[in-house]
Amino acid sequence: MSTVETTTPTTQAPAAEAVGTYKENRSARENAGRIFFVILILATVFGLVMLALLITDVVVKGIFNDLPGDYMLVTGDISGDTITANEVAVIDPLERIAGSRTQTDRGIAGEIVGTETRTEETRGGDTLNLEFLVLDTEHGEVLIQIDEDTVILDEDEGETPATLESFPVDGSAHVMVIGIERQDFIIGQEILVGPPEGSIAGEIRSFEGPTISVQIASDDGTEELSVQQNITLETSMGRRTVVLEEGTLMFFAADPDGDQTQLEELFGTRPPLTGTVITDFPSRRPREAGMLSGIVGSVIVIGLTALFSFPLGVGAAIYLEEYANRGWLTNLINININNLAGVPSIVYGMLGLTVFVRFFGAFRPSSPLVQAFNIPVEEGAVGGWIFNLFGIPWLEIHLPFGRSLLAGGATMTLLILPIVIIASREAIRAVPPSIREAAFGLGATKWQVISRTIFPIAFPGIMTGMILALSRAIGETAPLIIMGAFTFIAFLPSSIWDQFTVMPIQIYNWVQLPGDAFRVQLAAAGIIILLAIMLSMNAIAIFLRNRFEIKW
Amino acid sequence: MADVPIDSGGGGPLAFLRTQAARNVYERVMHALLFIASAFSILVTLGIIASLFGEAITFFTANPEVTLREYLTGTEWAPLLQSNPQFGILPLINGTIMIAVLSSLVALPVGLATAIFLSEYAPGRLRRAVKPLLEILSGIPTVVYGYFALVFITPQLERIIAAINTAFGLTDGPGEIEINLFNALSASIVVGVLIIPLVASISEDAMRSVPRSLREGSFALGATQFETATRVVVPAALSGILASFVIAISRAIGETMAVTVAAGATPKMTLNPLESVQTMTAFIVQVSFGDAAAGSINSQSIYAVGATLFLMTFTMNLIGDFILRRFREEYE
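In order, the protein sequence lines correspond to chains V and G. According to the working numbering, the residues represented by the first sequence are 37 to 588, in order. According to the working numbering, the residues represented by the second sequence are 338 to 669, in order.
What the hints contain is simulated information worked out from the structure, not anything from laboratory work. Treat the hints with care, since some could be wrong.
[What the hints assert, rightly or not] Covered by chain G, according to a simulated footprint, are these stretches of chain V (three or more residues, beta-carbon under 8 Å): (1) 371-381; (2) 435-442; (3) 447-455; (4) 538-546; (5) 562-575.
Glycine included, each C-beta is placed from N, C-alpha and C at the ideal position.
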């Protein structure tokens with residue numbers, strides 16, 4: 037009522053004036069709506085720009101940027117941007133920094149101008165002495181931590197500066213450092229001490245120029261290898277060109293036993309998303325890393341999930357739509373399914389771990405069940421009770437399932453079951469009652485009505501929901517990590533009892549590895565593949581919906 | 338009667354299958370199988386409760402150094418330390434709630450505005466185009482959102498913070514704003530984006546079920562379209578909108594991969610979104626990714642954390658469900 041009063045002219049004011057105020061009010065009030073619109077459109081534009089940036093970002097990093105090469109330490113004569121190499125050491129940065137969650141490491145170089153010692157207290161209450169070199173670099177003074185793990189390479193052999201005191205601090209010694217960046221210092225992992233301006237470190241980016249042969253130092257002496265002459269290095273001081281000379285001596289800290297073909301692969305750079313990402317197994321080396329086992333694992337897990345969740349989900353939906361009476365049990369099942377749809381996916385991972393991977397520990401050697409029936413369980417990585425059902429050789433059963441494809445598929449089934457049930461129910465509900473009644477009128481039994489009329493009519497809708505649920509399952513990472521899917525799987529599964537990995541786990545693994553090659557570029561390549569598969573599944577679902585859906 | 342074949346062409350070895358009695362048995366078997374399929378979901382819930390709480394209880398009983406009181410009130414979470422591990426869950430809850438709150442700040446207004454637009458303004462064709470888009474947006478794997486946060490949003494935040502530092506002359510000073518590579522803010526932004534479709538789609542459903550007559554009554558009283566939307570439709574659909582908020586926040590609490598990738602692994606009591614934090618979900622992933630042996634204190638501790646997480650999200654989902662049922666305005 038109050039709304040009416042404020043918008044109708046009051047008796048005191050002349051009518052014309054009232055209409056005027058009303059119009060003013062009206063336009064002012066309409067402006068509120070316009071402002072809302074402007075804000076909404078701005079937000080949408082902002083969102084679309086972000087989305088476009090994300091896509092461009094992923095595509096550029098996944099397709100057009102070359103993967104960086106290994107790290108190199110070079111000693112030689114520097115003039116301008118060019119270094120003529122005397123000795124080259126190729127280093128695998130990941131070998132030293134695997135497992136740390138820090139920023140990418142960078143080579144840094146400078147003159148030693150001092151030393152420093154800091155005392156820090158550990159959580160346990162012990163005191164810890166940290167020793168640092170103070171370097172004068174392009175980036176100002178940088179602290180380099182020296183500890184017992186630091187490898188120090190010295191030009192003057194025999195006089196290795198093992199302690200801080202033995203470093204000349206007058207600026208006469210030039211050092212290159214590869215290490216891990218911390219808050220305000222760098223943990224030195226490999227330090228090369230040389231004459232001033234005689235050495236540099238960085239990431240191999242590309243090769244060009246004529247081919248020459250260099251000496252490769254290996255355990256069996258030296259051998260010759262043909263490489264291109266000019267290497268572009270990305271260093272902390274910018275891009276530098278390293279010129280190799282005929283007979284330059286090269287060390288491969290990364291792969292001392294590698295044969296020539298492997299060594300040549302070390303030098304090659306390539307875009308992250310090439311055929312090899314699809315055909316290669318996981319690897320520590322960015323340029324050899326791929327997600328073949330992840331793709332195969334995902335396909336099998338999704339196949340098993342479809343196999344299990346279709347009868348369970350559709351059966352439950354048919355029961356709830358066609359059979360269930362209104363009662364406390366139906367009510368409970370309904371509420372329960374809605375709640376299961378809201379349970380975080382990670383919880384399903386823990387459920388899968390306890391139930392499918394471990395069977396609540398029922399087949400541990402010490403469990404009462406095993407001892408009572410004297411079940412021959414094996415210990416170890418696979419473990420459990422392995423037997424052949426009915427003595428048929430290929431019908432092998434493992435109890436518990438262990439961290440197998442089967443356990444993964446079963447876990448995923450529980451995860452998507454509520455979604456499948458809800459989608460199937462909607463599809464079944466869309467079948468008009470007249471169809472049911474006509475079928476009953478012809479004398480069909482309930483199951484005949486369901487199996488021969490309702491199910492075929494609802495089938496396209498059920499399939500659409502099923503594919504959408506599976507496309508969600510294919511991107512789920514957390515439950516399978518919790519359940520114990522592996523990261524480095526360098527073989528293809530031969531049965532559903534094998535260990536496995538899936539695409540999103542590979543992507544997660546790459547994202548959390550240090551170094552832009554993994555963290556940014558290979559992850560982008562993996563995401564492109566994953567999204568391509570997901571979007572095509574969505575497209576199939578939308579196609580099915582439009583092509584076969586019957587409007588009543 | 339029961340032995341008479343129904344098919345007139347009856348005969349042959351399988352004729353007994355077509356008798357009325359066989360059909361009745363078949364009907365009953367199918368009925369039973371379908372009932373089992375639908376009751377299976379209850380088994381799943383029981384399984385979740387048994388596995389989470391069973392192992393969580395083991396965690397407290399098998400490790401005398403951990404008490405429930407310390408677990409619920411302790412402010413230090415360091416279970417991976419060899420000597421003197423600490424099991425106070427508050428830092429993990431702190432991280433979880435911080436990310437849930439910050440992501441709601443992103444998702445609730447934007448999601449509600451989207452819902453208002455879709456239900457009150459958008460022509461049918463536009464709505465039919467936007468809805469599947471929202472579905473796809475919510476279907477993008479969360480690990481992709483994590484990548485986006487770490488590789489794209491965090492560097493932008495770093496740039497903005499650096500610009501603020503320069504603009505206010507804070508660089509290298511005591512008041513310099515520092516941002517961690519892993520930070521709660523960037524994780525919150527992507528989690529917010531991730532739950533926008535949820536808010537938008539549930540709220541839109543609620544608003545569209547508000548009957549036309551209410552809108553027309555409002556227009557007849559001279560209200561603008563915006564006033565109708567915000568003062569008539571939104572209050573009428575309030576239960577659905579609130580439920581969408583609660584469900585979205587619950588989803589943010591349970592969100593795993595985006596926060597694991599972007600927010601870091603440092604459990605701490607802080608309210609600074611520029612620092613690295615750890616959520617409950619991220620801790621579970623951290624332990625699981627590191628291959629904790631079954632039966633070790635670490636692998637048991639994830640069940641305690643998982644049970645806490647389950648209780649939190651379960652309660653919120655129940656509240657959402659309750660709001661949806663209890664405060665629903667029934668219209669004819």
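How the hints compare with the structure:
no. : hint    : in the structure
1   : 371-381 : holds (count 10)
2   : 435-442 : violated (count 0)
3   : 447-455 : holds (count 3)
4   : 538-546 : holds (count 3)
5   : 562-575 : holds (count 6)
In summary, the structure is inconsistent with hint 2 from the numbered list given earlier, while agreeing with all the others.
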